[in-house]
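Novice: Sequence:
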Amino acid sequence: MLAYKNILIFFFCFAILVGPAYNTYLDYDYKSNPDCNTYMAIANGNFKDQSLVRRYRIVVPFVAKVISFPIEQVYAKLWPHRANAEWPLRMAFLLVNLSLMALTGLAIFHCCKAYNISDSGSLLAVIAVMVGGRWGNLFAALPLTDSLYFLILCAVIYAIKTNNSLVIACCIIIGPMAKESFIFVAPFIFFLSSLSKIKQVALFALSGLLALGIRYWIDRQAGTSIAASVASDTEHIHNIGVSIIRIASVRGLGELATVLGLFSLLLLAGFAGGKKAITNWTNQTDKIIWWFIPVILVHALLSTEVARMIYLGSAVWAVMLGLIWDWHPLMVKVQGWFKSEE
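Position 26 (the sequence shown) corresponds to 844 in our numbering; numbering is contiguous.
The hints are simulated quantities; they were obtained by calculation from the structure and are not laboratory data.
Here the structure is a predicted model, which is why all the values come from computation and not from measurement.
Hints may contain errors.
[Unchecked claim] With a cut-off of at most 20 Å between alpha-carbon atoms, the simulated PhoX-like pairs for lysine-lysine come out as follows:
{"hint": "1", "residue 1": "Lys-979", "residue 2": "Lys-1017"}
{"hint": "2", "residue 1": "Lys-1151", "residue 2": "Lys-1093"}
{"hint": "3", "residue 1": "Lys-823", "residue 2": "Lys-931"}
{"hint": "4", "residue 1": "Lys-1015", "residue 2": "Lys-979"}
{"hint": "5", "residue 1": "Lys-866", "residue 2": "Lys-849"}
{"hint": "6", "residue 1": "Lys-1094", "residue 2": "Lys-1151"}
{"hint": "7", "residue 1": "Lys-979", "residue 2": "Lys-931"}
{"hint": "8", "residue 1": "Lys-931", "residue 2": "Lys-1105"}
{"hint": "9", "residue 1": "Lys-866", "residue 2": "Lys-883"}
{"hint": "10", "residue 1": "Lys-883", "residue 2": "Lys-849"}
{"hint": "11", "residue 1": "Lys-1105", "residue 2": "Lys-979"}
Work the whole structure out from these sequences, hints included.
Specialist: In structure tokens:
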């Protein structure tokens, strides 16, 4: 029964994303986005002159490239004028990222259920994250790699909450290949995961060696040194001041509103109504939720795209939304309106 439910939720997430994502896939100005240009180049095996930060995130581009081969055959028959252009690879990225985002939606649903949130609250949270703001659509539609890292972060929350050692191990191994910022998630996993510290040290060592091996191979292909990429990564510390100023501005607050869109109002409502109303739902949270917020804030401060990084913490925002829906007196009253009409 659980398997059928998982399949249903996966396809539900896929279905609500595919429409807007396909429109974006058709109409987006790919050439204006350096991230898209980098990942398209990586998929084609071109590492030279690519971003010293992004070019090591090879998992999604390589999978997309493999999937693009049969898509090219379809394009050759139906749209021969596009078969040798970038459209088949873009379509492959769309399919890969849509699937990863649907899996992320499933992971978020199970995160909510791990906190004993109702099915209605869990689905509401999933909808808010998937289509409430702008980022779910962009992660699904474009040649980007955020979807994999997003899935890993959501899986980390779920695995720590449910003591799922296998999922934790997978996240530790894949995490550094998805995004270098995983280094800031590592302490969170190490201290909160139920997996033994000895096993974690071994897994992190294996993960680090794998990531370094990939970096070494890519640097050889590109003709650059590992030191150059490390220096490029450390330069992100200079973004902290810019990010703080951006968050404090009107524009920055507007950008934050794009994380969950109008569902942000529901999150804000959870902190209204007095102390008793707030503690009604906050008492259902734990240190996993509250300690993950600083991890996401570090991501945001080191990046100039603050809202994009805040969105990566959506497993936490989803759990909060679900708990507010189930426990906050105002939301309980709203649910009563629907029940009274039945």
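Novice: Hey, Lys-823 versus Lys-931, does the alpha-carbon distance stay inside 20 Å?
Specialist: holds, 13 Å
Novice: Is the straight-line distance between the alpha-carbon of Lys-1151 and that of Lys-1093 20 Å or less?
Specialist: At roughly 17 Å apart (the allowed maximum being 20 Å), Lys-1093 and Lys-1151 satisfy the hint.
Novice: With the threshold set at 20 Å, check whether the alpha-carbon distance from Lys-866 to Lys-849 stays at or below it.
Specialist: holds, 18 Å
Novice: Mind checking the alpha carbons of Lys-979 and Lys-931 for me, to see if they're no more than 20 Å apart?
Specialist: With Cα atoms ~10 Å apart, Lys-979 and Lys-931 stay inside 20 Å; holds.
Novice: Hint check: Lys-883 vs Lys-849, CA-CA at most 20 Å. Holds or violated?
Specialist: holds, 19 Å
Novice: Keeping to a limit of 20 Å between CA atoms, is the pair of Lys-1015 and Lys-979 held or broken?
Specialist: Holds, at about 17 Å.
Novice: Does Lys-979 lie within 20 Å of Lys-1105 when you go C-alpha to C-alpha?
Specialist: Roughly 10 Å between the alpha carbons, so the hint for Lys-1105 and Lys-979 holds.
Novice: Assess, step by step, whether the Cα of Lys-979 is no farther than 20 Å from the Cα of Lys-1017, and give holds or violated.
Specialist: holds, 18 Å
Novice: Does Lys-866 pair with Lys-883 here, judged by a C-alpha cut-off of 20 Å?
Specialist: holds, 18 Å
Novice: Would you check the hint for Lys-1094 and Lys-1151, treating anything up to 20 Å between C-alpha atoms as holding?
Specialist: Holds, at about 15 Å.
Novice: Given the hinted pair Lys-931 and Lys-1105, is their alpha-carbon gap at most 20 Å?
Specialist: holds, 17 Å
Consistency note: the structure conflicts with none of the earlier hints.
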